[in-house]
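For the record, the sequence lines run as chains A and B.
Positions 1 to 176 (our numbering) are the ones given, in order, by the first sequence.
Positions 1001 to 1162 (our numbering) are the ones given, in order, by the second sequence.
Misleading hints may appear alongside valid ones.
[To be verified] Across the chosen pairs, the derived CB separations fall in these ranges:
1. S1069/B - N26/A: 46 to 52 Å
2. E168/A - A1047/B: 53 to 59 Å
3. S158/A - Q1029/B: 45 to 51 Å
4. P155/A - T1089/B: 53 to 59 Å
5. G1017/B - Q4/A: 44 to 50 Å
6. G1106/B - A19/A: 42 to 48 Å
7. A62/A - S1127/B: 20 to 26 Å
8. A5/A - Q1006/B: 26 to 32 Å
9. T132/A - Q1006/B: 53 to 59 Å
10. E1010/B - T132/A: 16 to 22 Å
11. K65/A - P1110/B: 25 to 31 Å
12. N26/A - P1042/B: 21 to 27 Å
13. A5/A - E1159/B: 40 to 46 Å
To be clear, the hints were calculated from the coordinates, so they are not data collected in a lab.
Nothing here was measured: the structure is a model prediction, and the numbers come from that model.
Even glycine gets a Cβ: it sits at the ideal position worked out from N, Cα and C.
Listed here are the chains, written in short residue letters.
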Amino acid sequence: MKPQADRELVEKCLRGDAAAWDALLNRYAGLIWSILRRCNVPTPDAEDLFQNVCLKLYSQLATLKNSEKLAGWLAAVTRQEAAGWARRRRALSEIPESLPDPGPSPEDAALTEERLFLLRTALSQLPEPCRTLLTRLYSEDPPGYAELAGELKIPVGSLGPRRARCLERLKKTLEN
Amino acid sequence: MRRDDQNLEEDLRAALGTPVSSPPALALQAARQIFAKPKPRPGILAALRFDGRQGLVLARDGSQGMPGSSFQRIFETETYLVDLWEERTAGQTSYLIGQVYEKTTGATLPAEGVFLMASGTTRIARSEGAEWHAESVPAGQWSVQLWLESETLLLENIEVGA
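In isolation and in its complexed conformation, chain B is listed as follows (with noise of 0.2 Å):
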């Protein structure tokens, strides 16, 4: 995070004035005791399986990208195909489009949340019927995290910008 050292100085101002609010000791307790509750899922990796840049079709399903400024990357789990597209856009940022499938329907799933995570960065992505749409990514390495009902997908290594 880069500062000013005005801004600095007023954050800290306000980091120091504003009282650091706590839960109810009630909400506290009951949070901890979510730890009693079943372990954690684990996250499926999803491994990339065609990239529109390289012009390569690796998916197993057949599916083709369209390499130019707007190009599409294929996902893959076991059990899901993770359609994501990028599209530059001014300012050194892009435009990304995601879409999950499932392989043997076909069917689209929404996600109940897309989290697009960079170092010390979380944006949410904004869901559009089975699709979702994440604005103004600047450039850099980006991992999205997809949540299913049942489980979570893992985007990793994804070069935005590049």
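For reference, chain A alone in the conformation it holds in the complex (with noise of 0.2 Å):
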């Protein structure tokens, strides 16, 4: 089944539909906080920076209804809050300004997780054998060909062309 669009599900909330704020919150939650972890936001904080997200996209979802992507919102909204954080720390003299290996800045750490969720996204919408096909090819430990062409049941040699394809395809579902 296609999963719904952002558009959609906002819509839905607006008109009080519990079940797709669920949808919203299930589709971005691992988005905001895999930022506020790669900014090194510890967890107690994070938590309440979550918090502040989600209260923020629900107060605001009357102003996104026309919004076609959330996520970069959204990532925008949790780099604010990681950046809002890093200066009351450092306010408080919790963090020093410069440290020996400060990490990415909350603008880095958006922009990187933001295009890691939406290619994460657009892998999952591709159809087989392109999603086990790149999934495999591209994970930590690949198979060899000859392995993976044996789990697909395909043909060695069409391997090469088909990860071209796939991997264009994954080019025009990320472009859309």
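Two chains, each in its own frame: build the complex with the hints.
Here it is as structure tokens:
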């Protein structure tokens, strides 16, 4: 079943559909949380910031109903929360102005997480065998061509061209 | 989003090699309960009253703009005026500066957050007192979400770099 578009979920939320709110949270909680963690926000504070972002999403639903993509908006709001947290901590001298390895800036962290989130989402929308083929080939421990061809029950010689076609399909999915 | 093949493959490895983290169950449960709160407030759409490129003075308070490479737009709601300046910068981008005024008193109002949105992308403007600044905004159609203390203003169909 095709996942509901963000716009559809936002409209349902505005009509009072709690299930649509749950669906939005399920879709984007990982993105928000990943950005906070990538910004090295410790868990108790990250939970607070996570609530702040969700509250802002809720309070701004009516202004987002024409927004085509929520991911970018949520990444920006999360980035703002993380940057505010870092400023407050610095003001309290809990973290020094410059660390030996300060990690990624909230902006870079948000952009990276947003990009990976959109990529995972696009990958999950690919039909088979593309989804499995790309997931297996680009995993941390990819199988050899012969093994993968056996798994997918396709000729070994077709893997190269299929991989190219599936990557092209993935790019198109990302662009839509 | 356009990527070259090498970047796409590197991103795929990163996306598949990084476990997707999730917030603790209690945090997610608390976020679900937000839905029981009062309904979200509607955004207030601000109408364009003046566009310095067109030399039209439409603002009811008599504000005037200055046509040129930097130009002014004025948006209006029942309660507020939003002053938005655009200046072309190198590389087909623009620098935007905005400010919100309360119409009856003329007082400037700081925004809690200013988000510039185009299809698939959102930028955060930087606050400087009551002003907000956005640098290197690419040409295109943008909308601006201005979070005031008690309401949100929306400026739509802003053609940056046109």
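A5/A and E1159/B, beta-carbon distance inside 40 to 46 Å?
26 Å, violated
Consistency of beta-carbon spacing, A1047/B to E168/A, with hint 53 to 59 Å:
44 Å, violated
Can the suggested window of 53 to 59 Å be confirmed for the beta-carbon pair P155/A and T1089/B?
55 Å, holds
Between S158/A and Q1029/B, is the Cβ distance one that fits in 45 to 51 Å?
Taking Cβ atoms as reference, S158/A and Q1029/B lie about 47 Å apart, which means the hint holds.
Determine whether the Cβ-Cβ distance between N26/A and P1042/B falls within the hinted range of 21 to 27 Å.
26 Å, holds
Is the gap between the beta carbons of A62/A and S1127/B within 20 to 26 Å?
23 Å, holds
Is the distance from the Cβ of A5/A to the Cβ of Q1006/B consistent with 26 to 32 Å?
31 Å, holds
Distance restraint evaluation - E1010/B, T132/A, Cβ atoms, bounds 16 to 22 Å
Hint holds: Cβ distance 20 Å, inside 16 to 22 Å.
Verdict for K65/A, P1110/B (Cβ pair) under range 25 to 31 Å:
26 Å, holds
Do G1106/B and A19/A keep their Cβ atoms within the hinted range of 42 to 48 Å?
At 46 Å between Cβs, range holds.
Whether the CB-CB distance between G1017/B and Q4/A falls inside 44 to 50 Å:
29 Å, violated
Go ahead and decide if the range 53 to 59 Å is satisfied by the Cβ distance of T132/A to Q1006/B.
22 Å, violated
Comparing the model with each earlier hint shows violations of hints 2, 5, 9 and 13; every other hint is respected.
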